Every structure is written in structure tokens, then in C-alpha cells.
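First to last, the protein sequences are chains A and B. According to my numbering, the stretch in the first sequence is residues 955 to 1034, in order. According to my numbering, the stretch in the second sequence is residues 955 to 1034, in order.
These are calculated hints, taken from the structure and not from any lab test. Since the structure is predicted, the reported quantities are computational estimates derived from the model, not experimental observations. Hints may be right or wrong, so weigh each one.
As the list claims (entries may be wrong) - Simulated DEER-style distance windows between Cβ atoms:
no., chain 1, residue 1, chain 2, residue 2, range
1, A, Asp-999, B, Gly-1006, 32 to 38 Å
2, A, Leu-982, B, Ala-974, 30 to 36 Å
3, A, Thr-1023, B, Glu-1009, 30 to 36 Å
4, A, Pro-970, B, Gln-971, 19 to 25 Å
Glycine included, every Cβ here is placed at the ideal spot set by N, Cα and C.
2 protein chains.
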Amino acid sequence: MKARVTVTLKNGVLDPQGKAIEGALASLGVPGVAGVRQGKVFDIDLTHSQAGEAEAALKEACEKLLANTVIENYRIELVA
Amino acid sequence: MKARVTVTLKNGVLDPQGKAIEGALASLGVPGVAGVRQGKVFDIDLTHSQAGEAEAALKEACEKLLANTVIENYRIELVA
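Throw the hints in and build the complete structure from the sequences for me.
Here it is in C-alpha cells:
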């Protein structure tokens, strides 16, 4: 089974990396960029065959490692 | 207008970071993880009102900065 986990900063949390990218795009002459926020995406292969088991394992992975739940949100999508 | 750009490694490109995460998840006792590949996601606010203009600006942003097109793929999604 395959899954995608997307980890993004919670609203209100300052994103210096996003600000840096925003500034760089402006200096590179890319028009119309008003804001950038960067996050992470994980494409995960799982040996589980049951969706429930897979989601439980992914939730555990996010809580333990993939996301800093104090400042980040995570979203789990089972792909196939 | 809002957009999401997802940047992932091309198939066949080694992902040491993904391997490290995979190993860490195993040592943390998260069951059934057979493979992890990490990528980046950018949530971008644009001042464009036309989808065509927005996509052109995002493509330029990816080609110039957000993605290393030698080893990475990028996908552009206009959100709203």
C-alpha cells in the first residue's frame, strides 16, 4: 500500500524559509508571488494490506517523527 | 489566487534522507514501513487573477528556484 503524508506549518507560525524563498523569487524576477510557505511531503510504501492498520501506523509515524505537532499539521492520504 | 507546488525526487534518484527516516521509524517501532521518499511542498499566494498567468509564473518559479529539474519533478496545482 502507498501513502502520502503532507506536513505543513500551522497558521500563525512564522516561516522564515518561506519568506526567504519569496524574496528570492522576487529578485529572480518571478512576477506576482505574494507569499510562500514551505512544508514537507513523504511518499511512504507500507506492507499493510488493511487501510485501518496503515493509517494507524502512519499516524504513529507522524506523531513520533515526521511532524512536530506543536507547530505543524499533518495530513495522511492513502494512495493505493 | 492560491497554489500548491509539490517537488519530489525523480524515480531512480537515491534518497538518503528517506532511507534515514525509514530506519528511524523502524527503530521507533512503527510497524510496516517499507520505504520512505521525502519531498517539498510550497503553498504560494499569487496576485494573478488569470489561471494561465499564475501557472506561467509558478512554472518559472519551479524552473528557476523551487526544483532542481535534473533530479526532481514538480507538480503545480492551482487551489483557489
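Here's how the hints hold up against the structure:
1. Here the CB-CB span from A:Asp-999 to B:Gly-1006 is close to 36 Å, well matched to the stated 32 to 38 Å.
2. Restraint check, A:Leu-982 to B:Ala-974: a C-beta distance of roughly 31 Å satisfies the suggested window 30 to 36 Å.
3. Checking the proposed 30 to 36 Å range against A:Thr-1023 and B:Glu-1009 shows it holds: the Cβ atoms sit about 34 Å from each other.
4. Under the hint 19 to 25 Å, the C-beta atoms of A:Pro-970 and B:Gln-971, about 21 Å apart, fit the expected range.
Hint compliance for this structure: every hint is met.
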